Amino acid sequence: MAPLESLTRAVARQLGEGPGPERRARQRLAVARIGRAAPRSGRWRWAVPIAAAALLLFAWIFVPPAARAPTLIARVGEQSVMAGAWLAARGDEPLAVVFSDRSRVDLAAGAEARLAQLDAARVQIDLERGKLTVAPIVGPGRAWEVVAGPYVVEISGARVEVAWDPQGHTLAVEVQDGSVLVRGGEIASEGARIGAGQRFAVGDEVGDEMAARAEAPPVRDECVGDACATRPARARPEVRRSESWTALADAGEHAAALAEAERQGYAALLERLDAEQLDRLAHSARLAGAGVRAREALLALRRRFPRSSRAGTAAFVLARISVDLERDPAAAIAWFQRYLAENPAGPLAEEARGRLLRALHDEGEVSRARAAADDYLRHHPDGSHASLARKILEN
Amino acid sequence: MLARRDPGSWMRLRIVPPPSEDADEEVRAREQAQVEAAELLRLAIAGDPRTGTLLFDRCEAQVNRLVWRVLGADEDHDDLVQQVFVALLAGLRRLRDPAALHGWVAAVTINTVRSEIRRRRVRRLLFGEARAIDLAEAPSASAEDRELLQRTYAALDRLPADERIAFALRFIDERPLAWIADSCRVSLATIKRRISSAQARFHRIAARDPALAERLQSGQKGSDDGTA
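Same order as they appear, the protein sequences are chains A and B. For what it's worth, the working numbering labels the leading residue of the first sequence as 84, then goes sequentially. For what it's worth, the working numbering labels the leading residue of the second sequence as 18, then goes sequentially.
Please keep in mind that the hints were generated in silico from the structure rather than gathered at the bench. For clarity, every value in this text was computed on a predicted model and none was experimentally measured. Some hints here could point you the wrong way.
Covered by chain B, per the in silico footprint, the following chain A stretches (three or more residues, Cβ under 8 Å) [stated by the list, open to error]: (1) 109-115; (2) 448-457.
Here are the in silico distance ranges between beta carbons for each label pair [said to hold, decoys possible]: (3) 124(B) with 346(A): 48 to 56 Å; (4) 124(B) with 359(A): 47 to 55 Å; (5) 187(A) with 234(B): 34 to 42 Å; (6) 135(B) with 160(A): 28 to 36 Å; (7) 116(B) with 474(A): 39 to 47 Å.
The C-beta atom is built at its ideal place from N, Cα and C for all residues, glycine as well.
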């Protein structure tokens with residue numbers, strides 16, 4: 084098959100034929116309303132749609148984009164991230180998420196969060212642990228929220244720092260500019276509004292590293308000053324707790340599956356699940372963009388079931404995670420080599436040799452790349468990476 | 018079957034099979050579809066409020082698939098499908114031949130998608146807006162698959178609207194050339210030119226994308242001339 088056809092068939096296969104049944108049902112309802120509303124006769128039947136079209140055209144041309152809530156794009160470095168992506172700032176390095184409207188979220192070293200929602204109307208970040216700073220560009224039509232444990236921090240200011248300790252079940256908020264409204268947990272239903280220069284902490288443990296409680300606005304039926312919220316508390320998106328993580332994973336709701344697994348206690352699950360379930364959990368975590376969680380599940384699989392065939396495949400997937408999610412080429416090289424050492428003729432051997440070759444080449448490891456190219460051509464002279472291998476050997 | 022003609026000589030008779038049940042079934046299905054289309058037109062002309070639902074039930078699979086494949090699981094997919102049905106409902110009563118319903122639906126869908134592509138190109142040039150593929154619905158959403166889809170459609174975003182449509186219908190949706198020409202309301206020669214031009218442009222764009230280039234570079238084995 085020609086390469087272009089191979090590519091486009093793969094694209095078609097991955098894309099499928101359209102949205103799922105629930106969306107089609109909603110489309111049907113929308114079309115049914117159109118059908119019922121359509122004027123049946125009369126020479127003025129085009130007046131409304133023409134007028135509406137004229138208004139829309141006027142808005143599209145003359146209303147500046149900033150006055151609407153345009154599509155928002157988020158990036159980490161050069162990589163765009165989508166809703167559901169897992170954000171993890173490794174050990175000693177912060178992580179910056181920059182948005183196309185110049186909003187910014189900075190995760191402190193060691194912090195982990197998920198970009199739960201990213202659309203024109205709302206940005207929601209689920210903070211799993213650690214500290215982050217949110218500096219949204221305030222504009223019409225878009226809400227910013229940080230969800231930490233049972234708490235929701237609604238941001239309508241220019242800069243706020245939020246810290247969440249899942250072990251101590253403690254939230255700390257420091258507002259540098261603008262204001263926020265904190266809801267949920269034991270906070271009164273109206274919420275607690277925190278203004279510029281104020282700090283707030285709530286939870287089981289409020290230590291030195293958290294905000295001083297003396298500066299916090301009171302909780303339990305009290306509001307801060309005259310800025311108490313009057314809106315009704317908004318329901319947080321709920322994971323359907325009655326569904327197991329496996330059911331959610333089977334339904335393709337991988338972010339929710341991972342969240343449910345974490346609520347059940349991720350570390351404990353890793354010691355309890357069998358090899359097949361660990362594989363599924365890792366797969367869901369990977370699809371949810373949570374490289375750290377996927378890696379943990381795969382390492383547990385290899386440790387607990389070293390003789391399982393899945394343990395071998397796990398080495399290959401760990402290499403892919405290192406490349407795709409963790410941007411760690413050295414780790415990827417090591418895992419590809421481990422896979423090949425364990426499975427020199429395995430089902431993924433050709434792909435592992437090819438990707439190893441490419442990783443070494445990209446890292447400028449000239450002599451190792453040449454050795455890998457030679458090895459590749461020896462095993463797979465007509466493989467999909469053969470032309471790269473030959474190019475490396477010719478140079 | 019052999020029939021005896023004269024002693025020592027046998028004539029072989031040719032057995033003519035009866036018409037296949039499959040062929041009968043196909044004819045019946047076509048006739049039924051025409052009857053249903055005619056009924057739909059009658060309801061549309063009469064202004065029956067059920068027209069929208071009936072039209073959707075008949076045509077949504079076709080419309081969803083065309084929009085999905087050309088724009089690639091776009092985040093505004095549902096809005097565009099609704100736009101298509103607004104246009105279909107507006108024009109349905111003027112359709113003369115019920116047998117032409119599906120061809121007409123395809124043409125209206127493609128027109129709607131073309132307008133959207135052109136509008137986005139203008140907005141991208143003026144405001145630098147880019148759209149993302151919504152892969153929540155993609156059946157296979159591994160990191161590698163996601164990357165491939167995004168990169169392919171990012172490359173397709175760079176094609177002119179007519180070329181992009183021709184390319185997507187030919188290579189991703191695997192439609193016959195005659196069908197594409199008819200749905201785009203152009204000649205076969207024009208569609209062939211658009212596909213060739215789109216291919217060349219796609220290859221040039223893909224050559225600058227390492228992931229796509231790798232997929233396409235393992236020799237131009239054989240012909241991938243989509244006009245064959």
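Hint check:
1. Against chain B, the segment 109-115 of chain A contributes 6 residues with a C-beta closer than 8 Å to a partner C-beta. That satisfies the three-residue criterion, and the hint holds.
2. Requiring three or more residues with a Cβ within less than 8 Å of a Cβ of chain B, the coverage given for the segment 448-457 of chain A is violated, as only 0 such residues are present.
3. Hint check: residue 124(B) to residue 346(A), Cβ distance near 50 Å, so the stated range 48 to 56 Å holds.
4. Range check, residue 124(B) to residue 359(A): about 49 Å between beta-carbon atoms, so the 47 to 55 Å window is met.
5. As the Cβ distance of residue 187(A) to residue 234(B) is approximately 38 Å, the hint placing it in 34 to 42 Å holds.
6. Taken as a hint, the range 28 to 36 Å holds for the pair residue 135(B) and residue 160(A), whose Cβ atoms sit roughly 32 Å apart.
7. The supplied range of 39 to 47 Å is broken by residue 116(B) and residue 474(A), whose beta-carbon atoms lie about 55 Å from each other.
Of the hints listed earlier, those the structure fails to meet are numbers 2 and 7, in rising order.
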